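Going down the list, the protein sequences come from chains W and F.
In this text, residue positions in the first sequence follow this note's numbering: the first is 1, and each later residue adds one.
In this text, residue positions in the second sequence follow this note's numbering: the first is 621, and each later residue adds one.
The set of hints was computed from the structure by calculation and includes no laboratory data.
From a predicted model like this one, the values you see are computed outputs, not experimental measurements.
Be aware that one or more of the hints could be misleading.
Partner residues are not named here, just some residues of chain F that face chain W (Cβ under 10 Å, in silico) [what the hints assert, rightly or not]:
1) Tyr-628
2) Leu-633
3) Trp-643
4) Pro-656
5) Pro-667
6) Trp-671
7) Phe-672
8) Leu-684
9) Asp-700
10) Asp-704
For each residue, glycine too, the CB sits at the ideal point set by N, CA and C.
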Amino acid sequence: MDLQTLTYLVVGASFALYIGIAIWARAGSTSDFYVAGGGVHPVTNGMATAADWMSAASFISMAGLISNMGYGGGLFLMGWTGGYVLLAMLLAPYLRKFGKFTVPQFIGDRFYSKTASTVAVVCLLVASITYIIGQMTGVGVAFSRFLGVSSDTGIYIGMAIVFAYAVFGGMKGITYTQVAQYIVLILAYTIPAIFISLQLTGNPLPQLGLGSDIAGTDVSLLDKLNMVVKDLGFSEYTSSVPESYLNMFVYTMSLMIGTAGLPHVIMRFFTVPSVKDARSSAGWALVFIAILYTTAPAVGAMAKLNLHATVNSAVGLETAADGSMKVNPATVKANADLFAPEASLRYEDRPDWMKRWEKTGLLKFEDKNGDGRIQYYNDKTKSEAVKAKAEAAGWKGNELTVNADIIVLANPEIALLPNWVIALVAAGGLAAALSTAAGLLMAISAAVSHDLIKGVFVPNISEKGELMAGKISMAIAIVIAGYLGLNPPGFAAGTVALAFGIAASSLFPAIMMGIFSKKMNKEGAIAGMLAGLFVTLFYVFAHKGIFFIKGTEYLGLIGGANSFFGITPEAFGAIGALVNFAVAFVVDKVTKEPPEHIQALVESVRIPRGAKAVDGSHVH
Amino acid sequence: MDNNSAAYWKATLGLLTKILVIWFAVSFGAGIIFAPALNAISLGGYPLGFWFAQQGSIYVFIALIFYYAKAMGDIDRKFDVHED
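Work out the full structure, taking the sequences as your base and the hints as a guide.
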């Protein structure tokens, strides 16, 4: 069967599965709709959380980023997993004990103020909507690449599928489809990685393969990679740092507290039966996430070595007659000359997978010195030795550009895996994008129907009415998300940074202070959230333009790019959080204490006994 | 009861502090601040600082959460505030 038909079949089967689950898990009550009835097993919830959390970016782009960044890519790995430790200890069990449907409701009740709750709703909406744009464009890209339809059609199909299971199933439908989506995406990710690790190192576990010797030699894979990239003028793989160690530190911190503060992740912990389950479920979520996150660095490094080996035979891997990659131990050990004229790949000999990806524009060749061969090196290197060698060899600049997203998507083709694996990767990419989109839509619709409509505008709405309001706001959110996916405001790359920045600088500190400081009052919390949000937006917009409109950057005003100790805007959330805490404590000191019953509420939230089913009723 | 709940909270914060110290040490410490120094040591084929940044800290995070869940359960029972 040809690849295209097989891809339609596998992707079609996965969609049928999701919709089947949605029909089985229809939501009949608000409790079903917001918290899946509250009886989800902690392991099941962990799996759903992992799918909820791992987006198109984690699945498709992360390994490519790590591959380009080397050691510095660790900031994504640590940042996006370390947040779960904070979530498990500082937020999840206490919010579960509190027993309500949404994050803004906790903030509104704890800070006895509809203003606080509304500020939280605004932060939640901005964070979730900016994040969802990236997911929708991801859905479009994935569809167009795998199913051969236009990106717009892809987004329409994606909207219809999410509509089918999210609007009717609510959190209940989303939970069980996410479990299925997790299984699809993790198989799609790990199967090619296992094969490649086996080919290169003889070790089937990519996590161990990355630290192993290349098969048949005593040369470690990372040493070889370091040597090759250094010789070609790139920075050393295992020690290259993005910007500075300080920036890496702050960036990692921002991703950690952003992860812990993202409402669509927090909400998943309202669905388990008890406080005890909320604690362990965060651990299970991290186990399921770690399967992908510890595989990603191996995928990144091995793909990089494979790519260099494909274009330069002196690396020591060879393309066998069937097109697959084979280790040649003698060449690996010999450290042959990468600059030898016959080492570079002849353009006409390039493998089939390169030809296929060339058509997408994600892989490009340009024969600058007209020798009919492809030279791949860093022509902007600062190393005089490398420059001299390249010049002596008659190289006139780098001739190959590779989009980082290829790394995961082309992996099975590079390793010559059977077509069903390639089809599975397509289904995996779509599962990753759809599951995160659904989780975000759930957070948005709950904030609108529960916190705004029921909480502020129509307090005595019936349960049936609220359920209807929830479904309608979900449907509207899907249409808006689809529209933004079709007409991305030209800032798709900056959106994830902003989503994390907002979650880190406004929501995380407010929730933490609500639990860990009995005396924190509403004035302090509101001032803190606004200050953290404002400072973060100010710094991000200074770099990327006001609301990301090109030409409105005001870098001059803040003294140039990354002017705050060299910290990049993506990493600024942690600074925003510090500002939030500082402002909150100062304002708290000069205003009056929270009332007695609020202090009693905090006291009760801290103790697991008496945790009830999550009911979401409003107290004021 | 007041005394008891103060003691319970103190025990909880003690546990959190312990875990956060390890959380910080493996990620920001071994993975970033001391990574260049640790890279001189190798673990199998991994430079140690690189290993902590890309693998090790994640394994430790998982262990920390399950340890936390267990230790917290013990504290709950000790102070008789566990769920029934």
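Quiz item: Going back to the hint list, which numbers does this structure go against?
Solution: Hints that this structure does not satisfy do not exist here, as all of them hold.
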